[in-house]
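Chains A and B, in that order, give the protein sequences.
Under this note's numbering, the residue at position 59 of the first sequence is numbered 59, and the numbers go up by one with no gaps.
Under this note's numbering, the residue at position 50 of the second sequence is numbered 50, and the numbers go up by one with no gaps.
In short, the hints are calculated from the structure, not lab data.
All the pointers check out, no bait thrown in.
Copies of the same chain look alike in the list, so a pair counts if it works inside one copy or between any two.
Here are the simulated lysine to any residue pairs, SDA-like style, with alpha carbons at most 25 Å apart:
no., residue 1, residue 2
1, LYS122, ALA132
2, LYS51, LEU63
3, LYS122, GLY58
4, LYS51, GLN64
5, LYS51, PRO100
6, LYS122, ASP110
2 protein chains.
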Amino acid sequence: MARWEPGARERLQAAALELFATQGFEQTTAAEIAESVGLTERTFFRHFSDKREVLFYGQQDFLQAFVDGLDTAPSEASPLEVIASALQAVASLFPDERRPYARTRQSVIDQNPALRERELHKLAGLASTAAAALRARGIAEPAATLAAESGATVFGIAFAQWIREGERRSLPDIASDVLHELVSLSRAGTRSATVTGPRR
Amino acid sequence: MARWEPGARERLQAAALELFATQGFEQTTAAEIAESVGLTERTFFRHFSDKREVLFYGQQDFLQAFVDGLDTAPSEASPLEVIASALQAVASLFPDERRPYARTRQSVIDQNPALRERELHKLAGLASTAAAALRARGIAEPAATLAAESGATVFGIAFAQWIREGERRSLPDIASDVLHELVSLSRAGTRSATVTGPRR
Chain A
1 MARWEPGARE RLQAAALELF ATQGFEQTTA AEIAESVGLT ERTFFRHFSD KREVLFYGQQ
61 DFLQAFVDGL DTAPSEASPL EVIASALQAV ASLFPDERRP YARTRQSVID QNPALREREL
121 HKLAGLASTA AAALRARGIA EPAATLAAES GATVFGIAFA QWIREGERRS LPDIASDVLH
181 ELVSLSRAGT RSATVTGPRR
Chain B
1 MARWEPGARE RLQAAALELF ATQGFEQTTA AEIAESVGLT ERTFFRHFSD KREVLFYGQQ
61 DFLQAFVDGL DTAPSEASPL EVIASALQAV ASLFPDERRP YARTRQSVID QNPALREREL
121 HKLAGLASTA AAALRARGIA EPAATLAAES GATVFGIAFA QWIREGERRS LPDIASDVLH
181 ELVSLSRAGT RSATVTGPRR
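Make a model of the complete structure from these sequences and hints.
Shown next, in the form of structure tokens:
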């Protein structure tokens, strides 16, 4: 058994993203990623099942933060207040220093249909996990699914805005603004523009 | 050039769905579908590019109905009122006599991951088409994307409920109920249950 390399995962992640961004995801091999930071392919595969996993590492923490956030909402909270609590918990996983990494990661994903697919599934997974957690709190259908899907939509829009060039607000602040917009949708003449372009 | 077969498309669709449901989507060939209604494989391919298309025929009409519905909303309508108008237009494409067909179609789709994927893309396409149409009406982001995604979510939930065994309400009525639930999400204690199970 090879010895454990301290910080190997983070070095592999940074190196992988750099290679994906400069030479393309398809053109980059696991061996190449490992070599670029002086590690072996075998070490790579102790940390990630394949090169795609480098980009989706931490998804379980992401879902868990969302569910933990749901749980901290008071029992009398409205479905949307529960979602607001979950959004704040998950958004706080992305401090501003992660913004450059997130931006580069997104540009790699945007260029590859299979990775875009996987990213869509991640948000769909967030919605179905959240719906189950809301039902477990006693929120009936269709409110549970509606609130959960809305939460995933708000997160997707807020995240896309957070990594936009020139954006300075934190992800929790943007998520809060977008959720507020959702509540305002039933008001006529919604013309404010905290987000300035299409999501896709 | 072979002569045009009147009603061939509808006969092929009915035959295909019957075969997909009884012997499985994967196990059914285009030639078999055509033969079962006394038509040639060549006739099949004049109507559908492949057997999958039989299940997704009419998607353009579906998107068009949604956009036409958006256009009929008065210019001072709130984003959600615009979506309500679009939902009514698209839901009216599914009269109650289509319910048995829709139910069988869904059971075929549910059993095949690639078909489920395609169905998800259909709803995602609905959302992005709707968002573009809302922006064209002067609705700013993120309201346009939020309203469009909410419209797609409401349609998905309403449709799943419409084809549930025992459901008697029309799709336009269910869509209207689900949209009303969406507006109520910010109210505490949402415990009504017009839809009685998880979406997925």
